[in-house]
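First to last, the protein sequences are chains F and S. Take the first sequence: its position 456, counting from 1, is numbered 462 in my numbering, and each next residue is one higher. Take the second sequence: its position 326, counting from 1, is numbered 335 in my numbering, and each next residue is one higher.
If you're looking for bench data, these hints aren't it; they were derived computationally from the structure. Do not take every clue at face value.
Claimed, not checked - Derived pair list, reagent style SDA-like, types lysine to any residue, alpha-carbon separation capped at 20 Å: (1) 60(S) to 37(S); (2) 80(S) to 785(F); (3) 277(S) to 696(F); (4) 126(S) to 14(F); (5) 106(F) to 170(F); (6) 80(S) to 344(F); (7) 88(S) to 64(S); (8) 731(F) to 169(S); (9) 106(F) to 167(F); (10) 699(F) to 151(S); (11) 88(S) to 206(F); (12) 150(F) to 130(F); (13) 132(S) to 15(F); (14) 698(F) to 447(F); (15) 350(F) to 168(S); (16) 355(F) to 292(F); (17) 699(F) to 449(F); (18) 373(F) to 297(F); (19) 164(S) to 34(F); (20) 45(F) to 163(S); (21) 665(F) to 169(S); (22) 665(F) to 168(S); (23) 622(F) to 651(F); (24) 21(F) to 163(S); (25) 21(F) to 147(S); (26) 331(S) to 237(S); (27) 164(S) to 696(F); (28) 164(S) to 297(F); (29) 698(F) to 143(S); (30) 21(F) to 274(S); (31) 669(F) to 168(S); (32) 512(F) to 714(F); (33) 830(F) to 785(F).
Here the structure is a predicted model, which means the values were calculated and not measured.
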Amino acid sequence: MGLDERHYNINTLNKLFAAAALILLLAVGLLVLNDYSRKWKAYQSDFQNMEIEKTRVKLDGEAKKLKNNAEYTQLQEDVKNLQKSVPPGCSKDDLALENKKAAKIDEQNEIIKQRYRVIKAQFDTAKFHYEELAAHGHDVKSAKELYETLNEKTQKLNLAVQQYDTQLAANKKVNDTCGQALKELERKERALNSKAAILVRKLKKIDPNEMNLTNRIAGLIRNAPILDLANPTQKVQQIVLKDIREDNNFLSMPRVDRCTTCHLGIDNPDYKDAAQPLRTHPNLELYISKDSAHPVEDFGCTVCHDGRGRATDFSGAAHTPSSPKQAKEWKQKYGWEELHHWDKPMLSKPYIEAGCFKCHSGQSEIKGAEKLSLGLNLIERAGCYACHNIDKYKDWPKPGPTLLYIASKTTPEWTYRWIMDPKSFRHNTWMPAYFNQSNNSDPDSKARSEQEVHSMVSYLFSESKDFKMTSMPTGIGPTPWEGDPKKGEEIVASVGCFGCHTMQQKAEKKTHDRFAIMREQGPNLIGFGNKTSKLWLYEWLKDPNRYHPTTRMPNLRLSDNEAADVAAFLSKGTIEGFDNIGIAPVNQKILDDIVFQFLKKSMSEQEATTKLTGMKPDEKLHFSGQKLIGQYGCYSCHDIKGFAGFKPIGAELNEQGNKTIDKLDFGFVHIEHSKQAWYNQKLADPRIFDTKKIKAPDEKLMMPNFNFTREETEAITTAILGFVKDKPGKIKPRTPENLAIEKGEQIVRQFNCQGCHNIEGQGGAIKDSVGEWLVKYQGKEKSEIPAILDSFNPPKLDGIGSKIQAQWLFDFIHQPEVIRPWLKMRMPTYKFNAAHLNALIKYFNVIDPSAEEFPFTEHVNIDLTSGELVAAQKMFSNEYFDCTKCHVVGEQLPSGSQDTWAPNLALAGKRLKPEWVIRWMKNPSAIVPGTKMPTFYDPSNYAESGPPDILNGDEDEQIRVLRNFVMSISTHPPTGPLGGEHVPTYQAAPAPNTPEPSPAETDFWGESTTAPQK
Amino acid sequence: MEEIKNIINILARPYIMFPTMIAAFFFIFPPTDGMMKINRQLGIYKLWTKKGGIAIFSFMFLAFAFGLTDKNFRLIVTKPDNVPIVGLIFLVVFFLWLAMKQAYENDARLAEGKPPKEAEDAKENILVWPDLVYIEFIAILLASALLIFWAIMLKAPLEQPANPTVSPNPSKAPWYFLGLQEMLVYFDPWIAGVLFPTVIMLGFMAIPFIDNNRKGLGYYSYNQRKMAISIFMFFWLILWIFLIITGTFLRGPNWNFFGPFEYWDVHKLEALTNINLSEIIYMIWLNQRLPTNIFLREMWGILLLLGYFTLTPWILAKTLLKDVYKSLGPFRYSLFIVFMLLAASLPIKMFLRWGFNIKYIIAIPEFFLNI
């Protein structure tokens, strides 16, 4: 085999081989580098360095503290001294000798023990053998001998072991006593420097400079490529959540969140100022920490933030920038790229609260998620749920007024102008605008819009049902039809209208937060002069339910006079220039086009033309009006004849948060290509995505414009992004208490109780107007208002669960009676059925934490002996507590100034819980801090605080007797030595004869009340 | 710049590119002596020289570089799934050029009476070790290194969890089936998905039987195997590779055609106004309704098809393919002509589609039979 037989030159081949091998080596080297270089490793080593630094700093701090601690330095001194001194018999030589002795004893002990084991085994065998022989009647002599010998030996060995053990114990005692004092001091020292010791230990573990050599070498190779399979220090951290699952279309997988691989300081408060990703999570009391409501071991991260939990790099985790600016920043700093193939990108910072909704969907207000709560509140107020199905609001009533009887309320001209542009009448109306929007403002569309509005108005008025308006009663005042506007203004300012309404002629620059929205439950009370008649207002105020059976406006129980006054006042208000807004004439040609377009949809063109020619102008208006109301979806918010039971017109929003971005139509509008940008744009101008598209009039986008501000669109977008299909395993527990709270909150929200009352820490929006009333009508100075406002405001309702008897509360809400007769403001009558009332009572009981201590109903003996009666009357009189100075009793008004007046004690028996009264009288400020009720019994010196001459100075008895007395007061002032004149008082209007609340077959939420409770 | 790109977009359309390529093909790979003469005259054979090779490759690189300046082109070409097909284009052209170069060199030598180049190699003994195995080993090393570099630079895409309700748009087959997927535009799924692949395989199996040309065995030669090479190249380059390239790069959402510099607009709409032959004959020409009887309705298409498969072979045997008939004999010839006609039906149908908007020649949806 010679070289000339070779086809190729072997040297060239060798060189090629060398080159190829080197290239492959390079490739493999790059491969290893590529596989093992991960950004998270860099973050982990950064974190380690920061930990070392922080630990060092802490250690220095501790060391300094210890240095300054006198006790510790003293201890150190003592230890040193003790170490130097040597107690008698404890010198080094002595100890050494003792130890040698101990060692010898121990050695012997071991040997004996070994021998003992052997002998014992032999002994046991011999015993067995002996027993066997004896049992079977054989000759036992030799066996017995053996048994006895071995027995003796065992016992001797045992004894020896015990002796040695005692010797050892004695020896040990010596040792112990020698070092006892020193040990004691050292123990004290350790107790003081334990914190520092922990830090030192920690440093030893993590700081390479503090480790011993082996550990340091190990630290270097533990994280090397391939070798890191064993026990690396840098590894992926993950939280596996079995009960919170990820929907992967074919199966649901437990979530695996690897976020903490980079976000290492997330649960450590020391990292509040660190650079991302090491920074601490905000609000550690609510999230992440073990004792918070959302501990990270149970919740992970992605259930709230979304994103791709299993990723270990920045782009792969689907982080979403908050703005295009941040996107650019991220591209530069981190090489960020949008992750296209992931359907659930992380929620960007402005919308992070969307993640709260999937578990907290039952609540009306989610504490800690202000934006989300605002978004939900706006959805409720604007009535989004009426056109768009949202499960949370599926049984809510229609947000708009009824149009069934519109002909009795207003005129076609007003309706035309209103529909054309609602804000031209009421600048802050919640009715959105359908016309003159971005997709129908060209001249053709405008002309068509005019005719459309004509048609709809015509339909509404021709279908309007008869509403009988009785004439105002005669013989009331000098001019029964007039009513006194000035009186009316005062009534409106005082009786409680401003809990749900405002009266703002022009737009005011105030923050439009949830508090302000509470006063927009009902419309802004301007412009009634343009809109409706005094008589209609009178009828409405006397009984709103007659006109609109499902209205949320309650009945203020106004007398005929009052109603006439208020009607006169309200109808004075006009909107300047509104009646001069032009109304285009009916254009038959355009109307024909509209009618024809609708006819074509259900019949052939020929038939349509025939029908069209046969229609009279009124018929055309009626027909097209009906079709247009169906097209625009007016029936979703308003009751309209002929549209009962129609399905909502808007898209269902229940899983809107799950929608992928390719399903959103951006059209030709060039905005940031993200879901949140689309929703914000849509809410800001719903018709904008029709821009540049060629569409027939009935193909155009229909959603009307609410004129939301940027803050409002972001809040609503947060809510929408929260509507998802996911049902995580950690929903807020559906305990009976929580469900009662949910139901109660729903009612409170729907009927705007928080407009007047402060419930669960929110509400009382009426208080500003009360202050204004006090200044304008009661002659108070502005400076005194803050001190006295609470006396005139509606009461806080957080504490009534423990205070008010349930049956009385039930009756009160159903048919209110006067508790505080000096207040002009009155609790209105709401048309609740038994289900509402029971829900409210349960709710109030659950939200008052101290209600648990008071039984729901109780029977307490409130009888009084004659002696007790006398004592009680004494305490009640002006000799002692002088209750009538402040409290109304029956029809007798108090003697003190109006600022101090207190509720009618004649109601106490039925109204208050007896145990609560005791507690109240004992210490009122403990229940309502800052109350005007004096504290008669000093809590710091209770035993001496009561009057000593009544009932033997027994405070508890005094209170009990007084309670019994108060609870038995009837509507007549107390008779007896004190008597009282009968003073004519403010005459409240007799309550209308409201029938018993109907035990509805279905309760407010459509659930059957007759079916067995779940 | 924009103008050039627009022109290229238009030129890339199938109904322009395909006929152009077919027309040019027979000049580059002449199947007959007559065409070979024209080839010589036009100097096209110079493509297969070294200079020609450099010219071809320079042109390809420059074109590619020019294309890379465009964002849309970059998006398609740098998609990790498509990168191998880009490599395929270059590799196919290279190895084709290499083979054709050797073929033409051999033809030149044979024309002078010298034996082909392979004859010289045949004299030599080449040892397995070290010559074969060593170079194989080096090749393995280099190939591994290449694959590792490639794997590091282009990661396989990991997309989101599969969702049965969401289909990707466009939904493309793997590259080796893209030719068939492209055929689906013009043919019924039964034909394009079942019949044609079967026929292709049967055709391959039949080649040793049909091809009885004893010349040009064991060495590259174009002149001695004109027909075989040109027929095979036609099928392979035009009916397979070209369709794969079209399917990879030029088909976008909804399987619409998009030029190489065109933006893949998912909303693009192109009118598909194709009608069946029966509809053309009855409704357009004869102005009457389609007959209810299936046979009556489709009889024209059936006749056409029968004529195509029975008359055409007979006519061709008597005229253009007289020599072929003589050399193959009737049986082989029948096999040969059937496969040829089947293969030719693909471009013919495509022309019918583009020229006359014909959807199906025979349309029997009742039996799922559409041709």
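Against the structure, the hints come out as follows:
1. Proximity of residue 60(S) to residue 37(S) is assessed by CA-CA distance (about 16 Å); at most 20 Å being required, the pair is judged to hold.
2. With a C-alpha separation of about 76 Å, the suggested pair residue 80(S) and residue 785(F) falls outside the 20 Å cut-off, and the hint is violated.
3. Restraint check for residue 277(S) and residue 696(F): the C-alpha separation of about 18 Å stays at or below 20 Å, so the hint holds.
4. Between residue 126(S) and residue 14(F) the alpha-carbon distance is near 18 Å, which keeps this suggested pair within the 20 Å criterion.
5. At roughly 14 Å between alpha-carbon atoms, residue 106(F) and residue 170(F) fall within 20 Å of each other, so this suggested pair holds.
6. Between residue 80(S) and residue 344(F), the direct Cα distance comes to roughly 18 Å. Compliance with the 20 Å bound is thereby established for this hinted pair.
7. Taking the CA atoms of residue 88(S) and residue 64(S), the gap is near 28 Å; set against the 20 Å cutoff, the hint is violated.
8. At roughly 18 Å between alpha-carbon atoms, residue 731(F) and residue 169(S) fall within 20 Å of each other, so this suggested pair holds.
9. Restraint check: the Cα-Cα separation between residue 106(F) and residue 167(F) comes to about 19 Å, which is no more than 20 Å; the hinted pair holds.
10. For the hint pairing residue 699(F) with residue 151(S), the CA-to-CA distance comes to about 57 Å; that exceeds 20 Å, so the pair is violated.
11. For the proposed pair residue 88(S) and residue 206(F), the alpha carbon gap of about 54 Å is over 20 Å, so the pair is violated.
12. Between residue 150(F) and residue 130(F) the alpha-carbon distance is near 13 Å, which keeps this suggested pair within the 20 Å criterion.
13. A hinted pair counts as satisfied when its Cα atoms are at most 20 Å apart, and residue 132(S) with residue 15(F) qualifies at roughly 18 Å.
14. Our distance criterion of 20 Å between C-alpha atoms is met by residue 698(F) and residue 447(F), whose separation comes to about 13 Å.
15. For the hint pairing residue 350(F) with residue 168(S), the CA-to-CA distance comes to about 12 Å; that is within 20 Å, so the pair holds.
16. Our distance criterion of 20 Å between C-alpha atoms is met by residue 355(F) and residue 292(F), whose separation comes to about 17 Å.
17. For the hint linking residue 699(F) to residue 449(F), the alpha-carbon distance of about 17 Å falls within 20 Å, and the restraint holds.
18. Our distance criterion of 20 Å between C-alpha atoms is met by residue 373(F) and residue 297(F), whose separation comes to about 17 Å.
19. Proximity of residue 164(S) to residue 34(F) is assessed by CA-CA distance (about 16 Å); at most 20 Å being required, the pair is judged to hold.
20. The hinted pair formed by residue 45(F) and residue 163(S) meets the criterion: a straight-line CA distance of about 19 Å does not exceed 20 Å.
21. A distance of roughly 14 Å separates the Cα atoms of residue 665(F) and residue 169(S); the hinted pair therefore holds under the 20 Å criterion.
22. Proximity of residue 665(F) to residue 168(S) is assessed by CA-CA distance (about 17 Å); at most 20 Å being required, the pair is judged to hold.
23. Our distance criterion of 20 Å between C-alpha atoms is broken by residue 622(F) and residue 651(F), whose separation comes to about 29 Å.
24. Taking the CA atoms of residue 21(F) and residue 163(S), the gap is near 30 Å; set against the 20 Å cutoff, the hint is violated.
25. For the hint linking residue 21(F) to residue 147(S), the alpha-carbon distance of about 10 Å falls within 20 Å, and the restraint holds.
26. For the hint linking residue 331(S) to residue 237(S), the alpha-carbon distance of about 16 Å falls within 20 Å, and the restraint holds.
27. For the given pair, residue 164(S) sits about 40 Å from residue 696(F) by alpha-carbon distance, which is inconsistent with the 20 Å threshold.
28. Between residue 164(S) and residue 297(F) the alpha-carbon distance is near 43 Å, which puts this suggested pair outside the 20 Å criterion.
29. Of the pairs offered as hints, the one joining residue 698(F) and residue 143(S) is violated, with about 68 Å between alpha carbons and a cut-off of 20 Å exceeded.
30. Taking the CA atoms of residue 21(F) and residue 274(S), the gap is about 53 Å. The hint is violated against a cut of 20 Å.
31. At most 20 Å may separate the alpha-carbon atoms for a hinted pair to count; residue 669(F) and residue 168(S) meet this at roughly 18 Å.
32. At most 20 Å may separate the alpha-carbon atoms for a hinted pair to count; residue 512(F) and residue 714(F) meet this at roughly 18 Å.
33. Of the supplied pair hints, the one linking residue 830(F) and residue 785(F) holds, its CA atoms being roughly 15 Å apart against a limit of 20 Å.
In summary, the numbered hints that this structure violates are 2, 7, 10, 11, 23, 24, 27, 28, 29, 30.
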